[in-house]
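Peer 1: Residue numbers (my numbering), protein chains in the order written: chain A, 1 to 115; chain B, 1001 to 1114.
Errors might be hidden in some of the hints.
Partner residues are not named here, just some residues of chain B that face chain A (Cβ under 8 Å, in silico) [unchecked claim]:
hint	residue
1	Tyr1022
2	Gly1042
3	Pro1043
4	Val1047
5	Asp1071
6	Leu1088
7	Ser1106
8	Gly1107
It is worth saying that the hints were derived from the structure and are not from the lab. Heads up, the beta-carbon is just placed ideally off N, CA and C, and yes, glycines get one too.
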Amino acid sequence: EAGVVQSPRYKIIEKKQPVAFWCNPISGHNTLYWYRQNLGQGPELLIRYENEEAVDDSQLPKDRFSAERLKGVDSTLKIQPAELGDSAVYLCASSFRQAGWGTQYFGPGTRLTVL
Amino acid sequence: TQLLEQSPQFLSIQEGENLTVYCNSSSVFSSLQWYRQEPGEGPVLLVTVVTGGEVKKLKRLTFQFGDARKDSSLHITAAQPGDTGLYLCAGEGGASGSARQLTFGSGTQLTVLP
């Protein structure tokens, strides 16, 4: 079974440019997460989706970040405009949860470099 | 702001040595997870501990959840080069997280030299 797929794996852009990341979760997983991982740090949650509904986006910088999960499957995370401090690895994870906790499976991430 | 403090931040040891990594917080978590992350990959779940005082073993890895569910430790016996990676602890819930939110520690970068 395929794991969480993310693209692109690497992206280099200049500041003030827009950028988008794509995530395809594991088939059947109803919960999708976007995390940001700065160098030398653990991942920090940006947004969590339950099916197509964003249920936890308190850490998403809404002035420049946006996300969507159409039809409750694939998701995109967009930054516009990008700033130097946005350089990080953006991780997508998915899980299947009914009651209680479901194991999160992470994708390989997209490494963003903003020049 | 990371609520989970991991120590040490970096650890380099020789093959065959034992080591312990610590994960501490002032918050109580409903469960705590340990992950290993290799370069260019996402974190992979190793174990989940739920009950205060719980001990779980995974081959040469021993995980313990503190009695008060605020801290945890990971002990590796006879480390091997294949154990090299970034070890992350993550707590579910906690003071600043929702009931189903994971808060990650800053990680311990382990290097096992052959």
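Peer 1: If a hint holds in the structure, say so; if it does not, say that too.
Peer 2: Against the structure, the hints:
Interface restraint check: Tyr1022 of chain B against chain A, minimum CB-CB distance 14 Å, threshold 8 Å, status violated. At its closest, the beta carbon of Gly1042 of chain B sits 3 Å from a beta carbon of chain A; the interface hint therefore holds under the 8 Å criterion. Satisfaction of the interface hint for Pro1043 of chain B is found here, the shortest Cβ-Cβ separation to chain A being roughly 5 Å, below the 8 Å cut-off. The restraint placing Val1047 of chain B at the interface with chain A is violated, with a minimum CB-CB distance near 11 Å, outside the 8 Å limit.
For Asp1071 of chain B, the interface hint is violated, the least distance from its beta-carbon to any beta-carbon of chain A being 16 Å, above 8 Å. Residue-level restraint check for Leu1088 of chain B holds (minimum Cβ-Cβ distance to chain A is 5 Å; threshold 8 Å). Checking Ser1106 of chain B against chain A: minimum C-beta separation of about 5 Å stays under 8 Å; hint holds. For Gly1107 of chain B, the suggested interface contact is upheld, since its CB lies about 5 Å from the closest CB of chain A, less than 8 Å.
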